[in-house]
Amino acid sequence: MTWSDVRKAVVAGVVALVLPSMAAAQATQTFEPQFAQPGKDVVWVPTPEAMVEVMLDMATVTSRDVVVDLGSGDGRLVIAAAKRGARARGVEYNPDMVQLSRQRAREASVHGLATFVEGDMFEAEVGDATVMVVFLLTENMRRLQTRFLALRPGTRIVSNTFGIPEWPADARVTRPDCSSWCTALLWVVPAQVHGEWQVDEGPRLVLDQHFQKVSGMFTGPIGSSPIQGGSITGPTVTFAVGEATYALRLEDDRLVGTRTEGGRSTPWRATRVRGTPRP
Numbered sequence: 001m002t003w004s005d006v007r008k009a010v011v012a013g014v015v016a017l018v019l020p021s022m023a024a025a026q027a028t029q030t031f032e033p034q035f036a037q038p039g040k041d042v043v044w045v046p047t048p049e050a051m052v053e054v055m056l057d058m059a060t061v062t063s064r065d066v067v068v069d070l071g072s073g074d075g076r077l078v079i080a081a082a083k084r085g086a087r088a089r090g091v092e093y094n095p096d097m098v099q100l101s102r103q104r105a106r107e108a109s110v111h112g113l114a115t116f117v118e119g120d121m122f123e124a125e126v127g128d129a130t131v132m133v134v135f136l137l138t139e140n141m142r143r144l145q146t147r148f149l150a151l152r153p154g155t156r157i158v159s160n161t162f163g164i165p166e167w168p169a170d171a172r173v174t175r176p177d178c179s180s181w182c183t184a185l186l187w188v189v190p191a192q193v194h195g196e197w198q199v200d201e202g203p204r205l206v207l208d209q210h211f212q213k214v215s216g217m218f219t220g221p222i223g224s225s226p227i228q229g230g231s232i233t234g235p236t237v238t239f240a241v242g243e244a245t246y247a248l249r250l251e252d253d254r255l256v257g258t259r260t261e262g263g264r265s266t267p268w269r270a271t272r273v274r275g276t277p278r279p
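Per my numbering, the sequence shown starts with residue 1, numbered consecutively.
If you're looking for bench data, these hints aren't it; they were derived computationally from the structure. Be aware that a few hints might be false.
Derived CB-CB ranges, DEER-like [stated by the list, open to error]: (1) P95 x S231: 40 to 48 Å; (2) T260 x R152: 24 to 32 Å; (3) I222 x F122: 26 to 34 Å; (4) R249 x P168: 44 to 52 Å; (5) R264 x A150: 45 to 53 Å; (6) E32 x D57: 23 to 31 Å; (7) D177 x G242: 28 to 36 Å; (8) D170 x Q228: 14 to 22 Å; (9) T62 x R147: 17 to 25 Å; (10) T62 x G163: 19 to 27 Å; (11) S225 x S109: 55 to 63 Å; (12) R147 x S109: 29 to 37 Å.
In this text the structure is predicted, and so the values were computed from the model without any measurement. Quick reminder that beta carbons are idealized off the backbone N, C-alpha and C, glycines included.
Throw the hints in and build the complete structure from the sequences for me.
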C-alpha cells in the first residue's frame, strides 16, 4: 500500500466518523422562529401568552370541542386547547413551524390530541370545527368570511385583535395586564335564514338577514306585519311581532319553536320555500 493509499483510507475513515456526527447534531438543532418573520400571507407574530387562555375562555373550550387554528405558528393555541381535553388542529404553511409545533405538543404530552397540518389556511378543511381560533390580519379575515359563515350554526370564532369586516363581533374582551395584541373578539356563527318561509296554515314570512341581525315581514291576504328586534344566535332565531314573541330554531329547512302572546305559548313552524336562494 502506498502512502497515498494510506492517506485516502485515513480520510475516508474520518469522513465516515464525522458525517454521522454532523448529521446527528443538525437533527438535534431546534428551529427558532423569529418575531415578524415573513410567511405566505402574514408575518409571524405570536399570540401573547397572557391572551391564550383569555381566547380559549371566551370560546368556552372544553373536552367536547374540535378546535382549529388557521395559521397556527408555533402551536401555542392548539396545545393550550389540547390541555383542556379538546381535539385541536393547527394549519400552518411553514414546515419548520409545523415540526416545532409537533415537538412542543410531544413535550407537553398532548400529541394525542394536538395535531398539526402543513398547508394553506385558505384551502384547509374546517367543517368539523366547533371552535376557530385565529390571529390574522383584517384582509385575511375578509377572505375567510364566506368559509366562517358556512360553518355549523353555533360554531364559535375567536380572534386576537383583528375583526371581520362588516360582521360585528358578539363580544370583546381586552386584558389590561397585556402590553400589545390584547383584545379578543368573539363571533357565534348564525343560522342562515334569509329568504321566504311558509308558515304552517298561515302567512308567508320574508326574512332579510345581515349576519346575526334579521328583519322581515309577515305577508298574507289581510295585510302585512313587520318583525322587530330580530336576532340570531347560532341556530336560534328570536323576534317579535306586535305583542307576540317568537323563539325558533333552524332544523334543516324548517324553523321550529314557539309563539308566545299574553303568557300563552303555542307551537309554531315554517318551511323554507323551494327555490329561495340561500345567502
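Now the hints, each set against the structure:
1. P95 x S231: 40 to 48 Å: Given a distance of about 44 Å, which is inside 40 to 48 Å, the answer is holds.
2. T260 x R152: 24 to 32 Å: Cβ of T260 to Cβ of R152: about 27 Å, so the range 24 to 32 Å holds.
3. I222 x F122: 26 to 34 Å: For I222 and F122 the Cβ distance comes to about 50 Å; the hint is violated.
4. R249 x P168: 44 to 52 Å: 22 Å, violated
5. R264 x A150: 45 to 53 Å: At 38 Å between Cβs, range violated.
6. E32 x D57: 23 to 31 Å: Between E32 and D57, where Cβ atoms are some 29 Å apart, the hint holds.
7. D177 x G242: 28 to 36 Å: With a Cβ separation near 49 Å, D177 and G242 fall outside 28 to 36 Å, so the hint is violated.
8. D170 x Q228: 14 to 22 Å: At roughly 20 Å between Cβ atoms, Q228 and D170 fall inside 14 to 22 Å, so the hint holds.
9. T62 x R147: 17 to 25 Å: Hint holds: Cβ distance 24 Å, inside 17 to 25 Å.
10. T62 x G163: 19 to 27 Å: Given a distance of about 25 Å, which is inside 19 to 27 Å, the answer is holds.
11. S225 x S109: 55 to 63 Å: 59 Å, holds
12. R147 x S109: 29 to 37 Å: 32 Å, holds
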